[in-house]
Amino acid sequence: MALEVMARARTPIPLDVAFQVEPGELLALVGHSGAGKTTLLRTIAGLWRPQTGRVAVNGRAWLDTAAGVDLPTHRRRVGIVFQSYALFPHMTAVQNVMAAMDIPDKAEAERTLDLVNLHGLADRKPAQLSGGQQQRVAVARALARRPYALLLDEPFSAVDRATREKLYGEIIELRRHLAMPVVLVTHDMNEAQLLADRMVVIADGRAVREGTTAEVMADPDALRAMGIRELAAMLPAIIVEHAADGLTRLDAPTGSLFLPGVEGKPGTRVRVRIMAHEVILSRLRPEGLSAQNIIAGKVVRIVPGVGPGVIVYVDVAGHEILARITRRATDQMALAPGDTVHVILKSMSVARDHVARAPDPSQAAE
Amino acid sequence: MLFNRRSILATLAAIFLAAGPVAAQDDAPVVAAASDLQFAVAEIAKAFKAETGMEVRLSFGSTGNFARQIREGAPFQLYMAADERFIAELHADGFTRDEGDLYAVGRVVIMTPNGSSLAPDETLDNLAAMLAAGQITRFAIANPDHAPYGMRAREALITRGLWDDLQPLLVLGENVSQAAQFALSGNAEGGIIAYSLALAPEVGPRGTYALIPEDWHEPLRQRMALLNGAGPMTEAFYAYMKEPVAREIMERYGFMLPESE
Amino acid sequence: MDWTALWLSMRLAGWTVVVLLPVAVLMGRFLAYRQFRAKGLVEALVMLPLVLPPTVFGFYLLVAFGRNSPVGDLWQSLFAHQLVFSFEGLVAASVIFNLPFAIQPAQRGFEAVPVEVREAAACCGMSPVRSLWRVELPLAWPGLITAMVLTFAHTLGEFGIVLMVGGSIPGETKTIAIAIYDRVQGFDDQAAAIMSAVLVAISLFTIAVTYWLSARVGRRLS
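Protein chains in written order, with our numbering: chain C, -12 to 353; chain V, -9 to 251; chain Y, 93 to 314.
Be a bit skeptical, because a hint or two may be false.
Label-pair ranges, simulated between beta-carbon atoms [stated by the list, open to error]:
{"no.": "1", "chain 1": "V", "residue 1": "L201", "chain 2": "Y", "residue 2": "W304", "range": "56 to 64 Å"}
{"no.": "2", "chain 1": "Y", "residue 1": "E135", "chain 2": "C", "residue 2": "V290", "range": "39 to 47 Å"}
{"no.": "3", "chain 1": "Y", "residue 1": "P230", "chain 2": "V", "residue 2": "T42", "range": "54 to 62 Å"}
FYI, nobody ran anything at the bench for these hints, they're computed from the structure.
Ideal Cβ placement from N, Cα and C applies to all residues, glycine included.
Next up, chain C with everything else stripped away, as it sits in the complex (with noise of 0.2 Å):
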């Protein structure tokens, strides 16, 4: 049930676009507003249509502008959260639910809701819930519709940022349930970086990099485009304790590391976002440094950037940390590939949205 999208346009906004989602995989469209990624959901969703495109999903076209083939968005199986939630007022949240059903069912609309954690807020209308509870409401009609696709609108610019921590915990745990492909629209990386396996940054309507999230998130090249403060590597570990004093201690594949308040009991997995620019490097351990997370490792390579800075790849137990620093730095170490260089991260640099609960490796599989 692979999703296939090539797209092509010259006005309202010029648009050349194609890339691929296989069932099961979540692909975030990243970029800045107006870069055309909403418009290419609108396209999967039949809501929008290019001077020349091809939707088609497990082979059979929903459009094909060359074969004159365009099914109206009534016929396509799509499910779509807008970014507004567009949910119709007029209807209770479990009504919402049971519009997009080819064969109303109370019961199985309930149930919907309850996979999305509102349980026992059927029967309110949207007015009368919450932001994020609309948004989840959203989420349980769209998935009710039981689509071929299921395509997400920056869903989550509207909440606040202990919501939104929340609902990415939700997202990513419903996704053991999907066995659809899944596109997500967001401008905002760590979002991404968070959610999704790959990833396609749009810049000017084009595709200016595709690839699976480290590879995207670890290329300067592709992230000039979104902002080169974003460039971060992604470390799996497990909650191992939280202290009292407000810390918790994590056992990643290259040690312990320490972070603020992680939320999660013991065992749990996450994976853990290090931003480039907060990182520092030292050729010998430091000592008396206020730093908690002090790890060491071997400098992979070493990629020039525009201007002062460079960035330095830095294999740890066989994840790839990323350091970004002065050139002149870089000349007064004499860094080179090979080198062991210790990586230095302020635990409260690591931010709380930094942090995500990991999809069971058991699961992904399915």
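With chain C's structure known, arrange chains V and Y on it following the hints.
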């Protein structure tokens, strides 16, 4: 909630649909009568119904206007004009069954409302004097373009030599009833209207009048004719107009009657 | 008090509403959702009856529907009487001159349905017809009610066009507005006053309902 609203609408719709246009088709034929006959013919129709049990529907208006409507296919069955010229024209164009009958000869009067500064007199001397003194602000007659009583009023004023001075001050009624309405409303010093209206109980007490000499204008030879498609009830009413009861009513309203056949 | 005339006016207004309701839904929806180059022209045409003097309008209707017109002749051959000077003729004229009262508020009502809600309906698998029934009408109905109420009240009061196209035939085309005019000419002030009061009461009721509904639409939008 929405269900209730929709069912209210549905109910309303049902009411109007049920009593559809079909219900509007009365059997009573429609008579088009000049406005000066407003009170006289209403009384005659009442008597007709009391005597025969048959009913006619009356529509009053300007003679000229009715002629136009008849040419456009208005479903009148009897046309009672205030000027036989209109009957002749319709007959020539094939709209009437025959040449019809002269049923009355009318008169015009000058009438002023109670409290008006103008006192009516049959020589129109008062009117002339007040006009010369600039004391007339408004004067009402029926529209001379299509209302016979307006045409006669104009002729009378021309004969008396007052038309040119009075014309800028005239208020024209669409028919002679409306002219009477304007004349007696208190917004004009008075007007020239039909004698039959001045004699009506609803109108008379509102002012005073004086008959204008017959030879100052063409006679108001009022003629009626059955139109194509007239039915038996209309024919009966037509005949009834010549009956003594009807003639008596007409005389009471100041009409001069042609000799009985 | 001319009950026949009042009943005739109510029936005329009722029939006009019945005929215009589907027109208001379809045209109002079409104009609310679509953008096209000739849209300004179409909207202006819809508004035309509002700005034309009633007598001009009545005159053109007479020319279009009267004797010696294609429409008039067709009617005559089908029903053995003229379209003008008949109740049906009044309904036809009334439908045309009420177009702006019916379509405009309906268009506003449909415009109040957020675009994304309509798109969401399509994404839920609803065909345009189902979407209209289950999502758009429940949200746009205040605009439609306003349209129907305004049409009803406006028809009750219409005079010039009704007089020109219908004449003043008792029981057929003599509406209450004409009856009031007639009673004034007949020096029957009391009857005219009573009938006028009834019309005023109906008009006030109309205004009250329209304001209440506008408030509902306003609350829904905010």
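Hint-by-hint comparison with the structure:
Judged by the Cβ atoms, the range 56 to 64 Å given for L201 of chain V and W304 of chain Y holds: they are separated by roughly 60 Å. The given range of 39 to 47 Å is broken by E135 of chain Y and V290 of chain C, whose C-beta atoms sit roughly 60 Å from each other. Judged by the Cβ atoms, the range 54 to 62 Å given for P230 of chain Y and T42 of chain V holds: they are separated by roughly 59 Å.
Violated hints amount to a single one, hint 2; each of the other numbered hints is respected by the structure.
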